[in-house]
Each structure stands twice: as C-alpha cells, then as structure tokens.
Amino acid sequence: MKEKFEGIVRELSVSPSRHNWERFRMELRSSSARYYRIIFGEGKIARQQDLKSSYAELYDEKESPLGKVPIFIEEGEGISGATEYLRGLLNINK
Amino acid sequence: MESRIVVLGNKDHGKSTLIGSLLMETGAVTAQRVDDARKTSESLGRKFEPGYILDSFEEERKNEMTIDTTRAYLTYKGSRIEFIDVPGHEELIKNMMSGASYADSALLIVSAREIEGFTEQSRRHLFIASMLGIRKLVVAINKMDAVGYSDRIFENTKREIEEYIMKVGISFREIFFVPVSAYNAENLCRPSGNMRWYNGTVLVELLSWKSVDNGDAQKEGVATLRGFLDREKGIVMGRVVAGKIMEGEELSLMPQGSVMRITELFVGEQKKESALKGENIAFVPEERISSEVRGSVISSQGAGIESSVALKARIFIVSDISGDVSIKMNGIASECAAIKVIETTDIMTGKRTGKARIIPMQNTAYAEIETVRPLVYAQFRRIPELGRFMIYSNGSFSGIGLVE
Amino acid sequence: MANEELKALVEGSVYIMREAKMNARKVAALWSMGKDSTAMLALARKAFMKKVPFPVIHIDNGIDFPETYAFREELAESWELDLIVAKSKIKPEISGYSCCGSNKTEALKEVMKEYGFDALIVSIRRDEHGIRAKERYTSPRDKDFNWNYKNQQAEMWDNYSSNPDGEGHIRVHPLLDWRETDIWRYTKEERIPINPLYLSRNGNRYRSLGCVHCTSPVRSSAGNIDEIIKELEDTTEEERAGRDQDKEKEYVMEKLRALGYM
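So the sequences go chain by chain: A, B and C. Using our numbering, you'd call the opening residue of the first sequence number 1 and step up by one each time. Using our numbering, you'd call the opening residue of the second sequence number 1 and step up by one each time. Using our numbering, you'd call the opening residue of the third sequence number 1 and step up by one each time.
Just so you know, not all the hints are guaranteed correct.
Here are the in silico distance ranges between beta carbons for each label pair [claimed, not checked]:
no., chain 1, residue 1, chain 2, residue 2, range
1, B, Arg288, C, Glu238, 48 to 54 angstroms
2, A, Pro65, B, Tyr73, 44 to 50 angstroms
3, C, Asp82, B, Arg38, 46 to 52 angstroms
Derived BS3-like pairs: lysine-lysine, alpha-carbon spacing no greater than 27 angstroms straight-line [as the list claims (entries may be wrong)]:
no., chain 1, residue 1, chain 2, residue 2
4, C, Lys51, B, Lys233
5, C, Lys26, B, Lys272
6, C, Lys26, C, Lys109
7, B, Lys271, C, Lys7
8, C, Lys104, C, Lys143
9, C, Lys50, B, Lys277
Since the hints were derived computationally from the structure, they do not count as laboratory data. Where is the CB? At the ideal position from N, CA and C, for every residue including glycine.
Kindly generate the complete structure, drawing on both the sequences and the hints.
Written out as structure tokens, the structure is:
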C-alpha cells in the first residue's frame, strides 16, 4: 500500500495529468499522509511558470515528510490548480 | 443597535480632524494608522493632521480629494459608535442623503470662526437631517482655540443655530451643543482646561447616549408584506414594522380591505406564536390569499392603517419634478397622478409661499400627492417605514417625503 | 455586544436577501467557503425556511486550500446547496487584478452570462477595507462589471435598487453592516460549520482565507470561536494582514480605477 502511494507520488512529479491525479486521490485515502504544506518556487505565483515550480510537501501523522507533489494539472495546452486533490489533508501550519 | 451618527458640516470646518482626533483619543485606530497619517502629514510638509487617519487611500490624500462617504468606528464604554462622513459638496447631495438616511443621530460641526460660522451648507445639511427623521442632534462648535475659547462666541453661534431651527420649523427630539477644539482634542473625550465656563458633557459621552426610541408610538401590530415565500403553498413573507403580530388574531389586510387570520407563523425559519417589531416573518393564512401581496399591509384591530390614493406630506426636492412622477415607499414604487403644492418654505430663511406651482430646488414644500393605485401608509412619526418615501421623476431620484 | 444588536443585524440581512429575491429575475450568491459567505448562506437559510433558494457560485482557480474543498463538499451536501463551480483558468501571464495568474472576474462574468443571473449576493463587510465604505446594500454594475460610484443611485431607508441597466446586474450586500466579530458570534450562536483553517494549529491560524498562495496564517493560539473573538477584541492588526500585501495594493488600485480616481 505504502509503495503504491510512493509510486503515484513519483509519477505525479513527472506527469501531473488528470489521470494521475485521479489515481493519487484513490491512493491518498489509504495512505499515511495526514498533513501538507505548500511551498512556492519563486515565493510567489505571478506567472504560470511559478505554479509549475511550486509543490506540496506531504507529512504523516508524526509530521515526518512523505514526499512532494506538484500542485497543478497539466491538460493539453493549459494548466490548472490541483489542490482539490489534496482534500482530506490538513495544513501543517508551520 | 449601535449608534449611527452622520457627520455634517461645511468643508474646512474640521469634520475629518474631529473624527480623526476622536478615533485617536478613544484608541480606536491602530498605531500603524496614526503613524501613516503622521508620515503623510510630513511628506506634504504640514503639521500633523488627524484627519488623515480617515482618508485611507494615498491617492485620495495626495490629490486632496474629498472622499465621498467614509465610515469610522469606535467603542466607548461598551457602546459601539459608527460615524458616517458624507460628502460636503452640493452636487453629491443625494449621496449625502443616502448615507444619512441610515443614521439615528447627527453630529453637526460648525466653525466658531467668524468668517466660517453657520453657513448655508450647514443649514441645508441640518434641514435634510431633520427631513430624514434623525432624532438626536449634537452640534460641536469647533475651532474654539482660534477664537480665544470665548464663551460669548460659543453662545452666539449656538443661538444662531437655535434660531434657524425655530425659523424653518424643524425639530429634533434632543439637541446638544458642545464647544470643542478638534485639533487639540479639547472637550472631545476630556474636559478642556481652557473652557471651564462649559459645564456640559464631553462630546464622546453625548454621542454615546442612545437616542430616544419612538418605538412605543404605535402599540398595535403592523407588518408590511413583501411577497410570497412559496406561492404554491400560499406562504406569505413580511416584516413587522410596529407592535406585535400574533398567530390567530384578527388582522386586517390592506389595501385589499379584507380580514384574515394567521394559522402558522414563523420568525425567520422558526415557528412562533407572535412576532415583534423588526422581525422578518413568514406565515400561512387561514384562507389562501389570491391577490398580489407585495406592498400590502396587515395590522391588528385598531391600528388605524388606511389606504387611499391621496396623502399629505412634507417633501424636500433635490431636482425638478416633471414628467412621469412616482414615489417609492417601503421598497415599493407607486405611480403618481399629481403633486399639488400647498405651501413652499425657503429652507434658508424660513419664508413661506402659498400655492406655488414649482418647488424651488433644495427647498421644501407641504404637498398633496395623488397616486394612481391605492397606497397603504401612516404618519411618519407613528410608523416610519410606512411614512417615508423617495420621489422619482422620469426614473431619477428627485426628492424625499414624510407623511404628515 | 448585546444580543439585540446581533439580532438587528440578522433581521437586516434577512430582509435584504428577501427583497433581492423578490426584486430580481434570477439570483445567485457567491460562496468562497470563508466565514463570511458561509454565515451569509446560513442567513439565507433563515430567510427562506432552511433552504437556500438560489444557486451558490464558487469561483475556483484550482488552488484553494484542500480543507476549503473538503468543506465545500460537506456543506453543499448537508445544506443541499445548488452549487455552481466556475473554474477560472490559470494564464501564462497575469494582467490587472488577478489571483494567482487566473482571472476570477472573467470566470464570474462567464457564469453570470451563461445562467443569466441579474442579481449577485456577495458577503462583503464595510469594515473590511476603507474602499468599501462607499458601498451600498444594493449596487448596480454594468455589463463589464464596472461600478459607477460617482453616479450611484440614491439608496435610502429600505428602498433598494432593483433594476440594472441592460446587461448589467445588481450586487446585493446583506452583510455590509456586520463586523468580523459579529460574524463569529453568529457562527457560534447558530453553530454554523467552519473551515478548520480558522482554528489554531501549531501556533498559527488563518484569519482571512484566500487561495493557498495569497493567504498566510497569523500567530494565534485560538482553538475555538470564543478564543477567536477574544483574540480579535485585543488585536490591533488589520483583518487582511495575512493576505499578500502586493496583491492587496493591486486590489485597491483596481478598485480606485473603477471608482474613477485614476
């Protein structure tokens, strides 16, 4: 189970497609991920590129990091935000 | 409810300075805001101006633009006070009226300096405040520091204002006068050592007193109907504007002229046996109402609510009335057939003229208004919601009226 | 604040929403899942027998907080909301007042047009920002959403504006008189569900919620609504201090432009 989740987390960072995000969503429920924190690449999102270089760090119950996922969906020519797929996680507020 | 105070007065008589000082004195603004105001004053090469606390936009400050409507809040001894600062200039009189119509008190600021004094604009503002039904008036005679804290000048200005009020025939339930220096924060929150001759109360204290409510003027229940909440089920919605409305009591429905009873009454979404003034209700009548209900009124027996196509009112005109005239009362527009002027009054001098054809702009008249369809109304002083209206001519706002 | 003051605010808001429903052809409300717009929907439930009788629109730029999305789903289900999610695209470059590269106004314009809404209920409060001091309970916007503040219709007593010009719409502001603490008191009194981000975790909480990017938490130990109210009574910070300040400036500038100041 753990490996499956790690696998999809890795795949997402290579290819944040809608399909992969849906798979992530399925795996998230049974994973140990509990918290998230969003880190902005350039400190800001002023351009599309900045969203691409931002990511969410995932943590387990003990607040130890589990890996990073992007926060966007690549779809054809455009991109859109993907934080909806992190539903169920709580902001670590740190 | 908190006190809502409209701030009136001529430009340059110190409105912003006074409010800014009050906010600082009562600790209602953050140190950051005060510091910002200090920096702005410095960058403009002026001495510290408390008025800049109010003007929150750099752009507005830099260009010294008159801000249209500004709000400021403070809490004094647990009472919430909201200040509504309205535009001073003439062309924005309708904005001034819009802001002032939600106030229960007015703070008029008049400069004690001879060259400033009780100006035409101050008079007009005062007149409009009375037309809007504002009950409490506090007059701050400002810039006392510039006139040597003279009690004689304070008394003279006070008398001039009192005489004006009597001459034009307006009234307030309560009137207070207080001599202040807005800039030095004298008599705002702390008594001034420079005006020991004044033994009244400091300004903020006067402002924090709740104005006398005229809620008991009408004891019988009256509610205006807003429409059907659910037309299929026949559920009607309305708002109680006076007294108490009870489930099961015999109510008259106007202008339909019928009698009805409520079998199920709700305040908001909760089932209740009775509803009080101010509450939004929904109800199921014993017998389904088939006519349109928006604008109708239900009232307890003896409430004295009538419906007619003619009413007498004191009106105030901001622009010429011509073409298609309508009035809007309690959110509902009614076409007018005629406005017959009985007498006009010049609001500067109090001079009355009978049977005038045209009402001079920014003046007042006692008039008879005829509507095309019957209207349910009451005297303004009895039920404000059913006794105050806006006048439109050819679709634009032209004035207001109070039913007498 | 006394209960009667809160009661007066509630009755005022209920009245405004009922009038909006009666005056407009087709009404919608904006819902950001924040405390204000959620309290506004609770008031709509009070006004209309526990059922919000109009669609609620979420302008979604795709990077709201995960908690916000979860909260949206839960409440939309339990309150049986007619939810419209209007997705706003993230563009390569930002222009004008935009959120995280997406133009929320564009998305709103599209959804208003698609459904033909002529009234939009919005949860702004007058004490949020100085620029809002000029707002009225009802405020007409033209087809480009411009606010002609210099020639606003007179709005007095309980006579609200109802007819937008041509393709425009009316903005309705039932919470204009409310303050931040009033919202919390009402939220507590009516047990309105809240987004968990408002409560302290690891010594931080969100006081004002935008998307993940333009909002940052404030230091706070408030773990329940009473503690939030207590904290707000003591604070000297502005409510939107946790918002991205550059964006706040941009927002104000944009508003000032609409007001004809620039």
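Outcome for the supplied range 48 to 54 angstroms, where the beta carbon pair is arginine 288/B and glutamate 238/C: 53 angstroms, holds
Please verify whether lysine 104/C and lysine 143/C have alpha carbons no more than 27 angstroms apart. 16 angstroms, holds
Outcome for the supplied range 46 to 52 angstroms, where the beta carbon pair is aspartate 82/C and arginine 38/B: At 51 angstroms between Cβs, range holds.
Lysine 51/C and lysine 233/B: Cα distance at most 27 angstroms? 15 angstroms, holds
If you draw a straight line from the CA of lysine 26/C to the CA of lysine 272/B, is it 27 angstroms or shorter? 30 angstroms, violated
Proline 65/A paired with tyrosine 73/B, Cβ distance criterion 44 to 50 angstroms: 45 angstroms, holds
Checking one constraint from the list: CA of lysine 50/C to CA of lysine 277/B, max 27 angstroms. Satisfied? 22 angstroms, holds
Are the Cα atoms of lysine 271/B and lysine 7/C separated by 27 angstroms or less? Holds, at about 17 angstroms.
Taking 27 angstroms as the top limit, are the C-alpha atoms of lysine 26/C and lysine 109/C close enough? With a Cα-Cα distance of about 15 angstroms, the restraint between lysine 26/C and lysine 109/C holds, given a limit of 27 angstroms.
Taken one by one, the earlier hints fail for this structure only at number 5.
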